[in-house]
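Student: The listed protein sequences derive, respectively, from chains A and B.
If you read the first sequence in this note's numbering, its first letter stands for residue 1365, the second for the next number, and so on.
If you read the second sequence in this note's numbering, its first letter stands for residue 378, the second for the next number, and so on.
Worth flagging that the hints you see were computed from the coordinates, not collected in a lab.
Do not take every clue at face value.
Result set (DSS-like, lysine-lysine): computed pairs, CA atoms no more than 25 Å apart in a straight line [said to hold, decoys possible]:
hint	chain 1	residue 1	chain 2	residue 2
1	A	Lys1370	B	Lys680
2	B	Lys600	B	Lys387
3	A	Lys1589	A	Lys1545
4	A	Lys1433	B	Lys746
5	B	Lys600	B	Lys537
6	B	Lys569	B	Lys582
7	B	Lys581	A	Lys1691
8	B	Lys775	A	Lys1433
9	A	Lys1432	B	Lys537
10	B	Lys746	A	Lys1370
11	A	Lys1432	B	Lys387
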Amino acid sequence: MSLQLKITTSPHIKTPLGTQKIMQHVFFALLPVAAWSVYVFGLSTLFLLVVTTLTCALTENVLCRWSKKPSTLSDYSALITGLLLGLTLPPGFPLWMAALGAAMAIILGKAIFGGLGHNPFNPALVGRAFLQAAFPVAITTWSPPLLAERFSTFFSSTWAVPFMKPSFDAMSSATPLGAWKFDGLTTDTVDLFFGTTGGSAGETSALLILIAGIYLASRKMLDWKIPVSILLTVLVFSSILYFIDSNAYPSPGFMLFSGGCMIGAVFMATDMVSSPVTPTGVWLYGILIGSLIVIIRIWGGLPEGVMYSILLGNACAPIFSRLTQPKVFGAVKGGAK
Amino acid sequence: MDSQTLEVTKSFAHGVHPPESKETTRELPIRRFPFAPLVMVPLSQHIGAPAKPLVRQGQEVVRGEIIASAGGFVSVPMHAPATGTVKKIALAPNSAGAMVQTIFIEPFPGSSQQVARGFLQERTLDTPDAIIEAVQDSGMVGLGGAAFPTHVKLRVPEGKSVHTLIINGVECEPYLTTDHRVMLEQKTEIFKGIGLLMKATGAKKAIIGIEANKPDAISALAKAVPADLNVTVEGVKVKYPQGAEKMLIKALLNMEVPSGGLPFDIGVVVSNVATAAEIGQLAPFGQGMVERVITITGPGVKKPGNYMIPMGTPLRFVLDYVGLTDDASSVIFGGPMMGQSISNLDIPITKGVSGILILTEGTQGNLNKPEYACIKCGHCLEACPIFLNPSRLGMLAKKGLYENMADSFHLMDCFECGSCSFICPSNIPLVHYFRISKGILREKKAKS
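Bound conformation, chain A alone (with noise of 0.2 Å):
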C-alpha cells in the first residue's frame, strides 16, 4: 500500500461556505441593484460603477503589489467596496471624483489598518466621507431620473475635467429626502419603494435592496439581525414621531424607504468586519445607527444621515462586542473562577 498520508488537526471536515464565497455572493447580490439604478439614470451611472469598481480593483491589487503580498483581489472585497461607493454616489457624479473616492476607500479605509478582516469602518463610506468633504457640492447634486436621452448621453457633470469648477445640468433635481428637509415635500411611498426617483444611484429601489438581503440572509451570508434592528429601530422612533405629529414629522413608510436606509442597513451596515461580532452586541449596533438615521434627519443639519450614522455605528461596534460578551455555558454565579 502506497498511501500518502495527510495529517491534519481535527475538525477533519468543513463548512464549504467560506469567506471568498460570501463576498461573492454579497457581490452578485448587488448586482440587480446596480442593474436597476443604471435602468433610471443611464450611462453615466454605468460608467459612476465601472469606474468605482475598477479604481477599488486597481487600488487594491497596486497595494499588495507594492507591499509584496499576493493579490487579494480574488476575496471580492474591493470589488464589493468599489461597487457600493459607487451606488453611493450622485449619478451624475464626476467621474474622477469618484475614482479618487475609490482610492481613497481602499487606502483610507482598509489597507492602512492591514487590509480585510482588520478595517474598524466600512470601508466605501470611508470614501464617500471623503468625497463628502472634499466635494460637497458634487456630492449634493442630484439627477433627475427616467430621463428619456439617458441612455445615450451622459450628465454634463459626468466627464467634468479634473481640479476644474464642474458644470452641473440645470436640470438637476431634489432628493425625496432633500424635499422633505428644505421644502417640506414628500414624495409618493410607492414610488420609493420601486426606487423611481432621484437620490444616489443605488439608494433608489427598496424592493430590490429586501430581495438581495433576504437572500443572503437566507444563506448566512448576512447576518438578518442587523438590517432587522435597523429598520425596526427606524420604524419605531419616526412612527412615535409621526403620531405625535404627523404635519411635522414625515411618515414611517417614507423614512425607510427614502434615501440610503435600505441600501445602509442591508449591504453597509452588515459589513461583518466592521460590525460587532457578538449576538447581543449586533441588536444594540442596529439599535444605535437607526436612532442616529432617525435623529440626524429630523434634527440634524443635512437630510441625510445614513453615511454618519453607520460610521458612528462602526466606531462603537468593538465597545458593543467588549460589553456583550456570551454568558459562558455553565458558569458559577459571582464572576468566573
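Given the structure of chain A, go ahead and fit chain B onto it with the hints provided.
Tutor: Relative to chain A, chain B alone:
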C-alpha cells in the same frame, strides 16, 4: 434521509450541522474481523497509569486471559485478544506517535474467536464496590473515544449522590455508526449493563439519549426496556456536538454542569451506550475486553462496514482487509470532528478507537483552501455550544496572550468539539490554536 428522522425538541443551544454521512454503514450488521498474524497490545491505551505486564516472552496465552494488571486506581488491566505466543514486550508507536511498551502476540493459526470457557467465573455483583471492581477487572474504558477508565467514573465522590444515569447513544460524529449498530444488536447486554451501572452509582433512574436520526434504535430500545428497570429512551435533535456529556445533560435534564465541574456535581453520571453493553456482557462473568465494534467508513474505503475487531490488530492489516481506493488521502481514528489524524499505519487498534475514517481529496469542504483573516462574521460565536467567543480567542492566541484567553475569555471551558473551526468561513484552525494555548498554559503552570 428526512423520512428517517424523528420529530423531537430536546436539544442544546448553538452547535453546527455537518453532513451526517452515515448512510453507507448504518444498515450493515456487525461482522467479525479475522485475526492478524501479529497483534500488538499497548500497556497504555487509556487515560491514566499504564498497565503492568504479567507475561513474558515465549509464554503461551489464551484469548481473554489477563496479560497485564492495572497500574493503579486510574488504570485498567489488559487481556489477551487472541490465543497464541507472546513474541516480545517492546516499545511500539501508538496513534499519537509516542513509543509505548507493547505486548506482541502471535496468534496460533486457526485459533478461535470464542473466549475460552475456563476463564468464565460468575461474580457476585451486589454492592457498588463489587461492580466497580468487576468493571475495572474487565479492562473497560469509555468506548466513545476518550478511553477514560469507566470504573473511575462510577465511584461517586464522598458527599455527592447520583440521581440520574444518562446513557449516551447520540453518536453525533458524522460517518460513525458503531453505537447505532450496538443499540440494534446488543439490546440485552445494554440493559444488563445499565442495571449494573445504576446499582454502582445509586442512580434511581436512567435515560438513554439517542439522536433523532436513529429512529430504529430508539424504538428497538424503548420496546426492550425490562420491567424491573426505571429506564426511559429519549430522542434528541440531530446537531453536533449533542453527544458531548454537557450538551446531552442539558438536552435531557435541562441542567448545566458548572464550569470546571463534573456531572457528579449535579448528580448525574453519563456513560456511552457501547460501554454499557460491554459491561453488561463482561462484568457478570469476570471477562476482559478483547474486541470492540468499529465503524470503518468514508469515501476512501472499498468495503465499509461495522466490524468486531480484536484489540491490538495492526491498522495496516485492517486497511488491507477493507481495501482503500487510489485517492484515499487521510486516515482518521474516530469521527471527522474530533478524531485523530494517523501518520503511521503500523500502530494497533486500541480500546478508544470508535471508528476508522478514510477521507479522500475534496471530501473535506474548505479544509485545503487558504486561510483568510477573521472577518468577524460571528458564525463561531453562534456555533460554540458553551458560548465562548472563538473569534476573539483566536486573535488572542495569534498574539500569544494565553493568560488573557484563560482569565477573561474562559479558554479552559473549551472542550475542543471543533464546531468553531468547522464553521469558520475564513478557514482559521481555531480549535487547534486553543489546544496549543491550553498546552502552553499547562506547561507554564507545571513549571511554576
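Student: None of the hints should be skipped; say for each whether it holds.
Tutor: Evaluation of the provided hints:
Among the hinted pairs, A/Lys1370 with B/Lys680 is consistent with the structure: their alpha-carbon atoms are about 21 Å apart, no more than 25 Å. At roughly 21 Å between alpha-carbon atoms, B/Lys600 and B/Lys387 fall within 25 Å of each other, so this suggested pair holds. A hinted pair counts as satisfied when its Cα atoms are at most 25 Å apart, and A/Lys1589 with A/Lys1545 does not qualify at roughly 30 Å. For the proposed pair A/Lys1433 and B/Lys746, the alpha carbon gap of about 18 Å is at most 25 Å, so the pair holds.
In summary, the hint linking B/Lys600 to B/Lys537 is not supported, as the alpha carbons are separated by about 33 Å, beyond the 25 Å threshold. Distance hint between B/Lys569 and B/Lys582 is fulfilled; the C-alpha atoms sit about 14 Å from each other, no more than 25 Å. A C-alpha spacing of about 32 Å is found between B/Lys581 and A/Lys1691, which places the hinted pair above 25 Å, so the restraint is violated. The hinted pair formed by B/Lys775 and A/Lys1433 meets the criterion: a straight-line CA distance of about 20 Å does not exceed 25 Å.
Straight-line distance between C-alpha atoms of A/Lys1432 and B/Lys537 comes to about 63 Å, which puts the hinted pair past the 25 Å bound. Annotation: proposed proximity of B/Lys746 to A/Lys1370 holds, straight-line Cα distance about 15 Å (limit 25 Å). Restraint check for A/Lys1432 and B/Lys387: not satisfied, since their Cα atoms lie roughly 53 Å apart, outside the 25 Å limit.
The structure is inconsistent with the numbered hints 3, 5, 7, 9 and 11, although it conforms to all the rest.
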